[in-house]
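Those protein sequence lines, which keep their order, are chains A and B. Going by the numbering used here, the first sequence wraps up at 119, each residue one higher than the last. Going by the numbering used here, the second sequence wraps up at 179, each residue one higher than the last.
Just to be clear, a hint being listed does not mean it is correct.
[Stated by the list, open to error] With a straight-line cut-off of 16 Å between C-alpha atoms, the simulated EDC-like cross-links for lysine to aspartate or glutamate are:
1. B:Lys72 <-> B:Asp171
2. A:Lys71 <-> A:Glu59
3. B:Lys166 <-> A:Glu106
4. A:Lys23 <-> A:Glu85
5. B:Lys178 <-> B:Asp80
6. B:Lys166 <-> A:Glu36
7. B:Lys72 <-> A:Asp65
8. B:Lys121 <-> A:Glu59
9. B:Lys121 <-> B:Asp136
10. B:Lys166 <-> A:Asp62
11. A:Lys24 <-> A:Glu68
12. B:Lys138 <-> B:Glu127
13. A:Lys24 <-> A:Glu85
14. A:Lys107 <-> A:Glu36
15. A:Lys75 <-> A:Asp62
16. A:Lys71 <-> A:Glu85
17. A:Lys107 <-> B:Glu124
18. A:Lys77 <-> A:Asp44
19. A:Lys75 <-> A:Glu36
20. A:Lys77 <-> A:Asp65
21. B:Lys166 <-> A:Asp65
[Unchecked claim] Taking CB as the label site, the calculated pair distances span:
22. A:Pro14 <-> B:Pro90: 31 to 41 Å
23. B:Thr176 <-> A:Ser73: 34 to 44 Å
24. A:Lys24 <-> B:Lys138: 29 to 39 Å
25. A:Thr28 <-> B:Ser110: 17 to 27 Å
26. B:Ile132 <-> A:Lys24: 43 to 53 Å
27. B:Thr125 <-> A:Pro101: 19 to 29 Å
Honestly, the hints are just simulated from the structure, not real lab data. Glycine included, each C-beta is placed from N, C-alpha and C at the ideal position.
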Amino acid sequence: EAQVTQNPRYLITVTGKKLTVTCSQNMNHEYMSWYRQDPGLGLRQIYYSMNVEVTDKGDVPEGYKVSRKEKRNFPLILESPSPNQTSLYFCASKPSGSNEKLFFGSGTQLSVL
Amino acid sequence: DAKTTQPPSMDCAEGRAANLPCNHSTISGNEYVYWYRQIHSQGPQYIIHGLKNNETNEMASLIITEDRKSSTLILPHATLRDTAVYYCIVFNTNAGKSTFGDGTTLTVKP
Numbered sequence: 007e008a009q010v011t012q013n014p015r016y017l018i019t020v021t022g023k024k025l026t027v028t029c030s031q032n033m034n035h036e037y038m039s040w041y042r043q044d045p046g047l048g049l050r051q052i053y054y055s056m057n058v059e060v061t062d063k064g065d066v067p068e069g070y071k072v073s074r075k076e077k078r079n080f081p082l083i084l085e086s087p088s089p090n091q092t093s094l095y096f097c098a099s100k101p102s103g104s105n106e107k108l109f110f111g112s113g114t115q116l117s118v119l
Numbered sequence: 070d071a072k073t074t075q076p077p078s079m080d081c082a083e084g085r086a087a088n089l090p091c092n093h094s095t096i097s098g099n100e101y102v103y104w105y106r107q108i109h110s111q112g113p114q115y116i117i118h119g120l121k122n123n124e125t126n127e128m129a130s131l132i133i134t135e136d137r138k139s140s141t142l143i144l145p146h147a148t149l150r151d152t153a154v155y156y157c158i159v160f161n162t163n164a165g166k167s168t169f170g171d172g173t174t175l176t177v178k179p
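Please put together the full structure from these sequences, using the hints given.
Quick look at the structure:
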């Protein structure tokens, strides 16, 4: 089944403890992106990647890192999480080309205490 | 970057058409308009997208004004299962940046 898989689904951590949220897609998509969603708001783009080894900042990149060493994986790294990074995170992917749709993962609910 | 503006909430009677507006007055020529919906906190579900022509698929129709500054998503026969938050997104698919609005909560009532 074609899908974007995020892990974990839920994560509770403490301030300052490094963590990684994984994202993997099995559709051979070139483009991948991370978003965060806070209560009552739309999704805000954190980082995106047009292809392997190519990453760019979205609207809210502060406090996050990403890497794209292989096409299928796009992990989101929080080197020193803070409570204001408590949020619902979504990963998405799409094929290259302008007229294609985004496929979203099921989300990761992160709580930083 | 283009911004999108949507009404925070709308109601619709079951079986009637739901018309959801979106303003994207700063959209540029190579940015697409996408519509997604989200039920509770699940991953957003694709509905439809377009560049400048009107589009229709099995779920909905998308009407984009000639100047591309606004669009309307039409659900032709709303059902209770269409109750969700609907997001209008402007997406520069060549450059990779996407901008979500804050969404419209559509409530379909019996």
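Q. Going back to the hint list, which numbers does this structure go against?
A. 8, 12, 18, 20 and 24
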